[in-house]
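Generate the whole structure from the sequences, applying the supplied hints.
Protein chains in written order, with our numbering: chain S, 1450 to 1543; chain C, 37 to 153; chain L, 16 to 177.
FYI, nobody ran anything at the bench for these hints, they're computed from the structure.
Worth double-checking, as some hints may not be accurate.
Stated by the list, open to error - Quick partial rundown of chain C residues pointing at chain L, CB under 7 Å, derived from the structure: (1) Ile64; (2) Tyr76; (3) His80; (4) Met84; (5) Thr87; (6) Leu114; (7) Phe118; (8) Pro124; (9) Val131; (10) Ala133; (11) His136.
Backbone N, C-alpha and C fix where the C-beta goes; we use that ideal spot for every residue, glycine too.
Read off the chains here:
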Amino acid sequence: MNAADVLSAAMTISQLMLAAAMMCALLRLVLGPRAQDRVLALDTLYVLAMLVMLTFGMREGSTHYFETALVIALLGFVATAALAKFLMRGTVIE
Amino acid sequence: MSAAEQLPALAALVVAALLVFGAALALIGAIGLLRLKTFYERVHPPTMATTLGTGSVLIASMILFSALESRPVLHEILIGIFMTLTTPVTFMLLVRAALHRDRLDQADDPPREAPML
Amino acid sequence: MKSWSSYVLLALALVALWLTLNQTLAAAQWLLAIPIAIAATWGYASLRPAHTPVRRVWVGLALAFAVLGDIVRSNFAVARIVIFARSRDRTAGFLDIPLELRNSLGLALLACIVTSTPGTSWARYDATAGVLTLHILDLIDEDAWIDLIKTRYERRLLEMFP
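The structure is reproduced here in structure tokens:
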């Protein structure tokens, strides 16, 4: 077993672990129980999706996935900030 | 599978270790999100995914692409900077929103206790 | 304008960001990056942000390394709690810490440090009393946590933002 095999196995393992992590976050999103738990789970999902994008990019050897990851990271921040504001005030734009 | 085969053995092993480490931290963080009992406890584990988990995956990506393209590929640092700047803001906002909602609940409905407040 | 140095720093950071994003040091990208950075900095200056002088940048560097070490350490600590601890032996809770730090930029930095360290999260800050409330996942020794925040972070932040 050479280093390349180790790396491709590691990529598969890490993608499986990230998929399992996303399932956990999704379960918390569905279970709740309260709105802030769901928003927290959604934020975690964003971060995990970004990590999945990065591992996809590494597997393909293509830097195009980087842009996707960057956009997910930025949009995730804006979405969570807006949702937190909504939870606090009941409106997004005052 | 093209990426894995063109890499020097040492770089491949380091990248593999960092990837598995980062993904494992993210998974433990998500398990914590699912397992812990109250909202304020659940805020803590996802931070693992956003700090050290993201950090090690980003470093792995930087090493891999630098070795593949034989030039320093550093633009992953940008994701790292954005994450370190934005994560505290979102988590602080969320905790404050949760505290606010718990206070409102206590005012409306005294018997229902907000967790640990 | 009291100090140009912070605006120059911002413009330089924007140029660096542009070049990193485009992954090049080509002259054409410099020509694009510099006007954009100057325009963005000018736009930012017109917002008239509160000016905060930063002293002793090396203290900030030492602080950054301390925080990096703490993030790694607390990652493992939280991982151990998530995997091994049963819910009944966990003692999570809120902790009040009196702070001497009043500078808003220093407080913002402290908030970033506290929140990005797993195991501690910023709950609220009472500006009139100067009392910070943290939520801590592993609240066994309260004095140790207060000591950590005050000596490790606040002392250095006070040196930077008097």
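Restraint satisfaction for valine 131 of chain C [CB to CB of chain L, less than 7 Å] | holds, 6 Å
Given hint leucine 114 of chain C near chain L, where the shortest CB pair must fall under 7 Å = Constraint on leucine 114 of chain C satisfied, holds at 6 Å.
Verify the interface restraint on histidine 136 of chain C: the C-beta must sit less than 7 Å from at least one C-beta of chain L.
-> violated, 10 Å
Hint check: is the beta carbon of threonine 87 of chain C less than 7 Å from a beta carbon of chain L?
-> holds, 5 Å
Should the interface hint for methionine 84 of chain C be scored as holding, given a Cβ-Cβ cut-off of 7 Å against chain L?
-> holds, 5 Å
Holds or violated: is the Cβ of proline 124 of chain C closer than 7 Å to a Cβ in chain L?
-> At 4 Å from the nearest chain L Cβ, proline 124 of chain C passes the 7 Å test, so the hint holds.
Interface hint compliance - tyrosine 76 of chain C to chain L, C-beta minimum distance less than 7 Å = At about 5 Å, which falls below the 7 Å cut-off, the nearest Cβ of chain L leaves the hint on tyrosine 76 of chain C intact, so it holds.
Can alanine 133 of chain C be said to touch chain L, with a Cβ gap under 7 Å?
-> Violated: closest Cβ of chain L sits about 11 Å from alanine 133 of chain C, beyond 7 Å.
Interface hint outcome for histidine 80 of chain C [beta carbon to chain L under 7 Å] | holds, 5 Å
When the nearest CB of chain L is found for isoleucine 64 of chain C, is that gap smaller than 7 Å?
-> holds, 5 Å
Report holds or violated for the interface hint on phenylalanine 118 of chain C, using the least CB-CB distance to chain L and a cut-off of 7 Å.
-> violated, 10 Å
Hint violations for this structure: numbers 7, 10 and 11, all remaining hints satisfied.
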